[in-house]
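*Asks:* Those protein sequence lines, which keep their order, are chains D and B.
Under our numbering, the residues of the first sequence are numbered 1172 to 1289, in order.
Under our numbering, the residues of the second sequence are numbered 4 to 113, in order.
No lab work stands behind these hints, which were simulated from the structure alone.
Source: prediction; values computed, not measured.
Hints should not be assumed to be uniformly reliable.
[To be verified] Pairs of lysine-lysine, DSSO-like flavour, derived with a Cα cap of 30 angstroms:
(1) Lys71(B) x Lys1212(D)
(2) Lys1212(D) x Lys25(B)
(3) Lys74(B) x Lys61(B)
(4) Lys74(B) x Lys1212(D)
(5) Lys1237(D) x Lys1226(D)
[As the list claims (entries may be wrong)] If we take Cβ atoms under 7 angstroms as the criterion, some of the chain B residues that face chain D in the derived model are:
(6) Pro47
(7) Leu49
(8) Tyr99
(9) Phe103
All C-beta atoms in this analysis are idealised placements derived from N, C-alpha and C, irrespective of residue type, glycine included.
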Amino acid sequence: GAVVSQHPSRVICKSGTSVKIECRSLDFQATTMFWYRQFPKQSLMLMATSNEGSKATYEQGVEKDKFLINHASLTLSTLTVTSAHPEDSSFYICSAHPPTGDSNQPQHFGDGTRLSIL
Amino acid sequence: GENVEQHPSTLSVQEGDSAVIKCTYSDSASNYFPWYKQELGKRPQLIIDIRSNVGEKKDQRIAVTLNKTAKHFSLHITETQPEDSAVYFCAASQSYIPTFGRGTSLIVHP
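The shape of chain B in the complex, shown without the other chains (with noise of 0.2 angstroms):
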């Protein structure tokens, strides 16, 4: 089966400072590639997502690449905001069902 890595599991930054997560997937088959956002005791939300046709996609402030070859994506998040603290867990997908990484809670400090 599909077998996702998520590191760091711990990223603490400053506001206005970057943030990168980054993950690795073993399943070739898998084409689909959300990333949720969860705050604490509530449901993961999806923040962006991108498609295995796809090596990139920004939406605002989020951006996240994917290279299919080294099957590594990763989620990038600039000027970050206080806001923005919380675990973010990235998947890969295929026929509906998504493998989820271990997660990453990131702070950012005001």
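Chain D on its own, in the form it takes in the complex (with noise of 0.2 angstroms):
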């Protein structure tokens, strides 16, 4: 159980474009979803909380006109990458847990979207 889905695993496009990334979670619904960045040999840096029905909150040095996200339902958060520039390949990853409503649980991961802008 508790399995996220993340589409598509690989992006490859011009600078300038939009691309959106699609998190979803399989078997339960989310009311909080979170984004992650990693670059290369380097650790997991939370971008963003996605909040289902309200604004997302997003970590210090985030641009929020820059990575959009939206968390329309219970079980879909999206993270729209605006106008692209080389400076943000990376691999992007989502997570989300199933509503316990223990705080003390693990994070369950989607499979990321390496990003490369040329």
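Need the complex rebuilt from these two chains, each delivered in its own frame; the hints are there to steer you.
*Replies:* So this is what it looks like as structure tokens:
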């Protein structure tokens, strides 16, 4: 159980393109999902917390107009990288957790999206 | 906010040896400590976790210890195998949100 699906797995596109990444919880409802960015050989850096039915909460230094997050349903959150540039190239991963009410539980991660901007 | 330090950044061992990865955290409110294994280009996967009311937990070849007073926790892998080679991340978590360490690249030589 607790499967998180992320799509697409790989995107290669030209500079200036906007890219949408989807994160779905397949067998549970998630009021909260998390978006991370990971550079090569580095750790997972939390970008934002996606909240169903309300605005996302962004971490310091993350441009909310650059990284648009929409969490329109209890099983889907999307991250749109607007007008992407080469410096946005990275590995983006989402995560979620089943709503057990226990804050001490692991995150379940999607497979990640490798974004390459030419 | 929480700050998690992880050492070493790289660990190279021979097959059959033990491997130990250590982490420290700064926020005493953190109460949940998961460890993830990430293979190249893949998702992090939970391998073991420990809660703040427990000092040690073991699952076959993997064990985790927690010293709340010192704010230290460690991952121990015994009888390492080549398939254990990956990047391992520790995390300190409170209210669902984990803060990750920088990762340890474990290389197990056959």
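*Asks:* It remains to establish, for every hint, whether it holds in the given structure.
*Replies:* Hints, verified against the model:
With a CA separation close to 29 angstroms, the supplied pair Lys71(B) and Lys1212(D) stays within the 30 angstroms bound. Simply put, Lys1212(D) and Lys25(B) have alpha-carbon atoms about 18 angstroms apart, close enough for the 30 angstroms limit, and the pair holds. Pair hint Lys74(B) plus Lys61(B) holds up; C-alpha atoms about 19 angstroms apart against a cutoff of 30 angstroms. A threshold of 30 angstroms between alpha carbons decides the hint, and for Lys74(B) with Lys1212(D) the separation of about 25 angstroms falls inside it, so the pair holds.
Simply put, Lys1237(D) and Lys1226(D) have alpha-carbon atoms about 15 angstroms apart, close enough for the 30 angstroms limit, and the pair holds. Using the Cβ-Cβ criterion of 7 angstroms, the hint placing Pro47(B) at the interface with chain D is satisfied: the shortest such distance is roughly 5 angstroms. A distance limit of 7 angstroms between C-beta atoms decides the matter here; for Leu49(B) the minimum to chain D is near 4 angstroms, and the interface restraint holds. Hint status for Tyr99(B): holds, given a least beta-carbon distance of 5 angstroms to chain D, under 7 angstroms.
Against a cut-off of 7 angstroms between C-beta atoms, the interface hint on Phe103(B) holds, since the closest Cβ of chain D lies about 5 angstroms away.
Against the hints set out earlier in the document, no violation occurs for any number.
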